[in-house]
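**Student:** If you want the building blocks of each chain, they are given just below.
Number of protein chains: 4
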Amino acid sequence: MHNQTLILIQCQDAVGLVAVIARVIAKHQLNIVTMREYVDEENRKFFLRVVCSGLPAEASLLQQELLTHLPPQAFVKINPARQKKLVVLVTKEHHCLADILVRHFFKTLNADVMAVIGNYDCLKDFTEKFDIPYHHISHENKTREAFEEELAEQISVYQPDYIVLAKFMRILSPKFVALFANKLINIHHSFLPAFIGANPYRQAYKRGVKIIGATAHYVTNDLDEGPIIVQRTKSINHSYDVPNLVTAGKEIEKAVLSHAIQLLTEDRVMLQGNKTIVFE
Amino acid sequence: MHNQTLILIQCQDAVGLVAVIARVIAKHQLNIVTMREYVDEENRKFFLRVVCSGLPAEASLLQQELLTHLPPQAFVKINPARQKKLVVLVTKEHHCLADILVRHFFKTLNADVMAVIGNYDCLKDFTEKFDIPYHHISHENKTREAFEEELAEQISVYQPDYIVLAKFMRILSPKFVALFANKLINIHHSFLPAFIGANPYRQAYKRGVKIIGATAHYVTNDLDEGPIIVQRTKSINHSYDVPNLVTAGKEIEKAVLSHAIQLLTEDRVMLQGNKTIVFE
Amino acid sequence: MHNQTLILIQCQDAVGLVAVIARVIAKHQLNIVTMREYVDEENRKFFLRVVCSGLPAEASLLQQELLTHLPPQAFVKINPARQKKLVVLVTKEHHCLADILVRHFFKTLNADVMAVIGNYDCLKDFTEKFDIPYHHISHENKTREAFEEELAEQISVYQPDYIVLAKFMRILSPKFVALFANKLINIHHSFLPAFIGANPYRQAYKRGVKIIGATAHYVTNDLDEGPIIVQRTKSINHSYDVPNLVTAGKEIEKAVLSHAIQLLTEDRVMLQGNKTIVFE
Amino acid sequence: MHNQTLILIQCQDAVGLVAVIARVIAKHQLNIVTMREYVDEENRKFFLRVVCSGLPAEASLLQQELLTHLPPQAFVKINPARQKKLVVLVTKEHHCLADILVRHFFKTLNADVMAVIGNYDCLKDFTEKFDIPYHHISHENKTREAFEEELAEQISVYQPDYIVLAKFMRILSPKFVALFANKLINIHHSFLPAFIGANPYRQAYKRGVKIIGATAHYVTNDLDEGPIIVQRTKSINHSYDVPNLVTAGKEIEKAVLSHAIQLLTEDRVMLQGNKTIVFE
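In order, the protein sequences belong to chains W, P, D and Y. Just so we're aligned: the first sequence equals residues 1 to 280 in this note's numbering. Just so we're aligned: the second sequence equals residues 1 to 280 in this note's numbering. Just so we're aligned: the third sequence equals residues 1 to 280 in this note's numbering. Just so we're aligned: the fourth sequence equals residues 1 to 280 in this note's numbering.
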């Protein structure tokens, strides 16, 4: 890992992009280990993730040269921070948070959990077992604006790469979302676009579905409409009442969120409009 | 199989139902092989499917006695026809139909395919290879009413237990649905309630989902809102365009429909409001 | 839950068992909520798990009466302890242990973790965060006999219902296994019977399989040959090296073990020879 | 598809391979659409599958030039036949064959089924419905050598790219296997390496597994030990007897074989020792 170079490129599509990129990389004495690319033909966009062995003598020169050969407004990132910084937002449910904290504790998360912020304090003790700061910011007796200001201020202290809504049950204002654009990751407890909004398991029960699921997605202004990163489902049957659905669903939720975090921290996710390209 | 008795019971819930039913069954010299029951506590309903070894000396007497001991308006069915009669409705896509006809041909369908009716004739040759009558009833240049009348007339000739809409792409009127209440089975090419209506794969593509699915359900007046029998999903990624989604989806569609038909023909599905109880 | 009676029965198969059992249950004023039964026709054995609402006035009388009406040597258990006691054995890997301790901490495990015993001390700090005693019993510089004696002694202090081998990497002697017959539950990191023994992920890598899996099973004298409780698999591809397989496998291992523990603590597992009957 | 060039490369690994290949491709006025590569670091081998838009003016020149720049003994294939030729071998079971013939009939197989050869005649009528020649070559009253000679002769008439053993229940001699090296594709009815050999479902039943599966693999001299192409599993429970396992297994078998055929006909499978690289 330490002698590898990760290059991410996103630009207008054009003829010969792989050739020119590979040539520049070779010129800098890097050897391609894995290369994944995708062309969104509808939008004429090119996406590339390449891992090379070796480190460039001058990363900025490599970036410069790549930009010179790519279409205008290309996005080139070389060796983005390997260890992302996360702030986790929670309400009362523990399962996603616990999964994250355990992985962090045993150094399998591939990210630093800087802090946990909860609008209740019920997860404080658990969080502090792992020597992670827990900030209790209640939403009670506050306007949404005031609550979100406090929240934003606390988050900003940590300069996180991602803010993980690990079952954070408050709807966020467009202003807040804009403040942390492309950094807010939510776990929704249904296979979106089914069961948008509140109480998806109750909705699922009422509809009599035979599968339940969970969705990890970027947060945008439209509730539960942001770009999807990971989704998974599980078969259920008529004998599941709402509490059974909730219990079964939690297993999927934590697995899905955990998978999404891993993809993000390994820089495997790129955004294109309301969709993601995921190089797994 | 031939020396077995299948008993289906659906009634208001009450204390001691299993005991009283088991006692009546024992009195008739039948031995319970498998018994599956479900109590819908919300609606206070009791559902039972029991398979016994042996045949009752007098099935009508057994039924009579069960009814005497069950709450009023109980539904009791003893040894419903083992080999259900099916009529299959198609448009242009072959995959679900072919799956059904092959199983029928090799006698693994557990049902008789009486006829196939298509609003195009493109599946005629294929159907007739298997010596199944194919009726071409075009919807063109006809009012929906006229088309459906013709359809209903042809279906009625065969007195089917179920009418399987194996990718039949016409929306049916409430009148038609009422005519064949609880007999119309549809395969919808999405994991309902997501992507109701037309072009679910295009909708899925636009939304950027990471799973696709299919749903077999009873047809009711509300489009794609009928009781769900079987659902299944499959993981996909950003590289799937609409034709790829359609191709991958067909595999799920035929598996899901086939599974639903099997459950129905083995009398494993019971209806309760807009839901199904499935004794697998 | 508190007003429910759980009855487990295991006996030779005979005509009319369900009827007679249901009659005795009804006589004791209990109402059957769910009943699951299975007949192993090969071995002529009958298995039943029934949940009733209500509590018997005299459980011992109910048991007596059931035994009177069942074939000789029947096994009848009424309301076994709802909260099972567990002792967890570990070596160095944390993932299964952490999953168990988190569930225990948040009271979703449905069991009491009495203690953790490790042949290394590296999981001590983590365990003690949750106020669970950790006993470090090293196997080093000891005969297997001496090591196992120490282990057995420490386990016996807690009188556990189950001893969970949560990635405990020592092979146990027949003597030890006999001491805790039907109480030792292991998680094996392959889909048994494939890749019995050491290094299953290396074996999987060498064989070039396209799936990996995990198996939770009872421990018997034959290594990895005990009755299987839960198995699950996951698709992989050629790009997984051994460390990738290990990482991916851990997710399955902890999910499978966790599922098995849930089934055991809810008394849903019955043993028949080298197999399990699992009433899910 | 028609204006695309598919290039397959397999060679010793070396520094700068992607760059040099991309440069040669660009020189020939081809634009890379998708590129998948894999480096087997253990064996220092490089594998590449690249799809370009456009057709080379001179394919042989392109190949020549690629070979010039690649390590010695490189394997380079440009636009291998798009429509592979298949011969299907069967015994008595129809499910895999039917799946193949239906796909062939509706032109979704991406291959030509030249003929079906059976050691019984029970699938003759079905095959001929689809205007595919069926050759009945009985193994009865013949030495294996004589039987295989007849078989080989008949197969050779069609010069197939692949010989698909669609539940062909005869063990093939090393001589026969050598004759059609890397062309024999088998579907084995278990998740290999579990349950090698005869009656895997009976073995699975006896072992009490909770999953069953199927494996599509190349045939080599070692029974059920050839390189695996596709594997899939399905959860089962104690209530499945052997016939139930067989029935459930057939659904997986046909899906797995069908998937493997698709991968092979799209040139997505490369061989490396006893393993496959599959570029899905």
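Among the clues, some could well be false.
Each pair may be met inside one copy or between any two copies, as identical chains are not told apart.
Stated by the list, open to error - 25 Å max Cα-Cα, derived DMTMM-like pairs, lysine to aspartate or glutamate:
id, residue 1, residue 2
1, Lys-85, Asp-267
2, Lys-206, Glu-37
3, Lys-183, Glu-149
4, Lys-206, Asp-40
5, Lys-107, Asp-222
6, Lys-275, Asp-40
7, Lys-250, Glu-280
8, Lys-124, Asp-112
9, Lys-129, Asp-161
10, Lys-175, Glu-148
11, Lys-206, Glu-58
12, Lys-107, Glu-149
13, Lys-206, Glu-41
14, Lys-92, Glu-128
15, Lys-129, Glu-93
16, Lys-92, Asp-121
17, Lys-206, Asp-224
18, Lys-92, Glu-148
19, Lys-250, Glu-41
20, Lys-107, Asp-13
21, Lys-175, Glu-153
22, Lys-206, Glu-280
23, Lys-234, Asp-40
24, Lys-77, Glu-140
Keep in mind that the hints were calculated from the coordinates and are not lab data.
**Student:** Give a verdict on every hint.
**Tutor:** Hints, one by one, checked against the model:
1. Lys-85 x Asp-267: Answer is within: at 13 Å inside a copy they meet the 25 Å cutoff, but 42 Å across does not.
2. Lys-206 x Glu-37: between (42 Å within a copy, 20 Å between copies)
3. Lys-183 x Glu-149: For Lys-183 and Glu-149, only the intra-copy Cα distance (17 Å) is at most 25 Å; the inter-copy one is 54 Å.
4. Lys-206 x Asp-40: between (38 Å within a copy, 13 Å between copies)
5. Lys-107 x Asp-222: neither (34 Å within a copy, 35 Å between copies)
6. Lys-275 x Asp-40: The answer is within: 11 Å in one copy meets 25 Å, while 32 Å across copies does not.
7. Lys-250 x Glu-280: both (24 Å within a copy, 18 Å between copies)
8. Lys-124 x Asp-112: both (18 Å within a copy, 23 Å between copies)
9. Lys-129 x Asp-161: Answer is within; shortest intra-copy Cα gap is 24 Å, inter-copy 29 Å.
10. Lys-175 x Glu-148: Close inside one copy (9 Å), not across copies (53 Å); limit 25 Å.
11. Lys-206 x Glu-58: neither (60 Å within a copy, 40 Å between copies)
12. Lys-107 x Glu-149: neither (32 Å within a copy, 35 Å between copies)
13. Lys-206 x Glu-41: For Lys-206 and Glu-41, only the inter-copy Cα distance (14 Å) is at most 25 Å; the intra-copy one is 40 Å.
14. Lys-92 x Glu-128: Both: 15 Å inside a copy, 24 Å across copies.
15. Lys-129 x Glu-93: Intra 17 Å, inter 20 Å, cutoff 25 Å: intra and inter.
16. Lys-92 x Asp-121: within (8 Å within a copy, 33 Å between copies)
17. Lys-206 x Asp-224: both (20 Å within a copy, 15 Å between copies)
18. Lys-92 x Glu-148: within (18 Å within a copy, 43 Å between copies)
19. Lys-250 x Glu-41: Classified as between: cross-chain Cα gap 24 Å, same-chain 37 Å, threshold 25 Å.
20. Lys-107 x Asp-13: neither (38 Å within a copy, 33 Å between copies)
21. Lys-175 x Glu-153: Close inside one copy (13 Å), not across copies (61 Å); limit 25 Å.
22. Lys-206 x Glu-280: between (35 Å within a copy, 21 Å between copies)
23. Lys-234 x Asp-40: between (30 Å within a copy, 22 Å between copies)
24. Lys-77 x Glu-140: So Lys-77 and Glu-140 fail the 25 Å test inside a copy (42 Å) and across (50 Å) alike.
The structure fails hints 5, 11, 12, 20, 24 (numbered hints given earlier, in ascending order).
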